[in-house]
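Protein chains in written order, with this note's numbering: chain A, 1 to 77; chain B, 78 to 597.
Bear in mind the hints are in silico, worked out from the structure with no lab data behind them. Just so it is clear, CB atoms sit at the ideal spot from N, CA and C, and this is done for glycine as well. Among the hints, a few may not be true.
Said to hold, decoys possible - Computed, partial: chain B to chain A, Cβ under 8 Å:
#1 159
#2 170
#3 317
#4 322
#5 509
What the hints assert, rightly or not - If you anchor each label on the Cβ, the simulated ranges turn out as follows:
#6 A:45 - B:453: 44 to 54 Å
#7 B:572 - A:68: 19 to 29 Å
#8 A:46 - B:320: 19 to 29 Å
#9 A:49 - B:281: 23 to 33 Å
#10 B:292 - A:5: 42 to 52 Å
#11 A:15 - B:195: 14 to 24 Å
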Amino acid sequence: MSKRAVYLLLIVLAVLHQDFWLWDDPTLLLGFLPVGFAYHAVFTVVVAGAWYLAIRYAWPSGAETFAEGSDEDQPAP
Amino acid sequence: MTSLVIMAGYLGLLVVLGIVANRFFRGTAADYFTASHSIGPVLLLMSLFGTTMTAFALVGSTGEAYRVGIGVYGMLASWSGLVHAGVFFFIGIRLWAIGKRYGYITQVQYFRARFESDLLGLILFPILVALVIPYLLIGLLGAGGVAQSLTQGAFPEAFAATNGGLPPWLTGLIISAVVLFYVFFGGLRGAAWANTLQTAVFIITGLVAFVLISSKLGGLAAASQQVLQAHPERLMRSGSITQLQFFTYFFIPLAVGMYPHIFQHWLTARSAKTFRLSVVMHPIFILIVWAPCILIGVWATSATLPDGSLVVPAGSPPNTEIATMVHKLTTPLIGGLLGAGIMAAIMSSLDSQFFCLGTMFTTDIVTHYFGEHRFGDRQRVFLARCFIVAIVAITYLLSLAEPRQVFPIGIWCFTGFSGLFPLVCTSIYWKRCTRAGALASVTVMATSWTLLFRASDYGADGSYLFLGVLPVATVFIASLLALVGVSLITQGPSETTIEKFFPHGGIAADLPSDTDMATD
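For reference, chain A alone in the conformation it holds in the complex:
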């Protein structure tokens, strides 16, 4: 999976957040879970999965190296 695919997935999720089709639906799933609420609960789990893919395939591997930069880059005291 490429970095670009991960970023695309995150954008798609941001779009899917706007669940206009459930706006006026008070249906209770399993007898207790409002459908508009259940959608966003599942959405949150999917988001966690997407961030797992981000750290797996789009990790900023240079951050660690940058953090350990040479002393000559240190600012004057």
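Since the structure of chain A is provided, determine the placement of chain B on it from the hints.
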């Protein structure tokens, strides 16, 4: 009284934790302010989550769900799952790397260097402090409302005006004293440990509350069916939230990128990899904490006692919905445990906020203007503590004024921080971003925020919208346009600064050496 004893015992435990953390204190400012970059993945996850989940998440979300319905989860929780983790990933890791490399411990230090501007720091410091104060206020108001509800009847003579419950002024005083104690003794390490304990406590007790309350209401299905019959509008968003309003809540969680206390927690990380657990688990933790609160808030609209009266009567004081549900539907023992859990959530944010204020004052004002060597480590820590006490005193006095709902105060506070998000984002990803652009952005943010806050009757109109959207959208866009527009027509940063923050010409994300780029 049982609830009170349990909550008091819990506060005592935190005091002990502060003393133990003090034994690990290395006596240096670096250790006090950033725990010597020694925090591992679990502690970072718990402290970041504990810090971002405030009275707003538990008390405010329940109260808002009571008034607006299930849409509150999508407005804030699911957006936060996506956006908070994204900010940790795209902003937090980069700021950790920059902070660690150049020794920054505050945002103002970083922005002064990145934009080569002392003036920017001077403007930003009071704005950040002013925005943290309402954040602290949320904690004190939330704690006051919860303790008052849970201890009703414990002191019928001493506190008759609050039905025998602890008055908010006393709760605010106790909470402030306990948090100050363990922060003073333990430094940021003490706060991180306390956050870990407190996050575990409020997650577990929140789940217990949810199970017990639903059981008392006849089960999950019975509790929700009651709402379907009495208040079906609370089970959908039509009529309470417009689609545009719902979308613009996207901007609110961006605030996490500019919280000074989160910046400081990022810097405690041992390595970049330490962030991984936080990025993935933060959304799951949000689900675990917010989902029960939202359902409890929605159930509270229709839940009745055996005599047919509402558990949460119409016109109940703000910020008391969840505590009233717990108080009336569970035993005093459980009430005490849950009260401790709610207090834990509130204090796990207060500690980091108290702490960062002290750090900012000593670093950005004292050390910056009086010199690095004018004060020793111990003196700097002492000055930090003095400033913290002063700000806590101001916040405490504000909390004694007419109580407001936690939710709208939180939204206005987050709006200000979100309006500063373009500044931090472009500082990392756009090297052409200039000092004049940064100054314009901060000025436009402060001006637009003030004008809109005034138009909302200083936050009293909790449903205030500007052009049909949340004020945060306007503040964010105005701040971004000012930053980009002014940067494009003014002179860019010096080569030295560009080389310092963008050493290989790429974005800070992948800043690294050529070798790393090749292996990426």
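These are the hints, each one checked on the structure:
1. With its C-beta approaching chain A no nearer than about 5 Å, residue 159 (chain B) sits inside the 8 Å limit, and its interface hint holds.
2. Nearest Cβ of chain A to the Cβ of residue 170 (chain B): about 5 Å, under the 8 Å cut. The hint holds.
3. With 8 Å as the threshold, the beta carbon of residue 317 (chain B) stays out of range of chain A, its nearest partner Cβ sitting at about 10 Å, so the hint is violated.
4. With 8 Å as the threshold, the beta carbon of residue 322 (chain B) stays out of range of chain A, its nearest partner Cβ sitting at about 11 Å, so the hint is violated.
5. Because the beta carbon of residue 509 (chain B) sits about 20 Å from the nearest beta carbon in chain A, more than 8 Å, this interface hint is broken.
6. About 50 Å separates the C-beta atoms of residue 45 (chain A) and residue 453 (chain B), a value consistent with the hinted range of 44 to 54 Å.
7. For residue 572 (chain B) and residue 68 (chain A), the Cβ-Cβ distance of about 23 Å falls inside the hinted range of 19 to 29 Å, so the restraint holds.
8. Separated by about 21 Å at the C-beta atoms, residue 46 (chain A) and residue 320 (chain B) satisfy the suggested range of 19 to 29 Å.
9. Remark: the range hint 23 to 33 Å for residue 49 (chain A) to residue 281 (chain B) is upheld by a beta-carbon distance near 24 Å.
10. At about 45 Å, the CB distance of residue 292 (chain B) to residue 5 (chain A) agrees with the hint of 42 to 52 Å.
11. Residue 15 (chain A) and residue 195 (chain B) have their C-beta atoms about 42 Å apart, which leaves the hinted 14 to 24 Å range violated.
Of the numbered hints given earlier, the model fails hints 3, 4, 5 and 11; all others are met.
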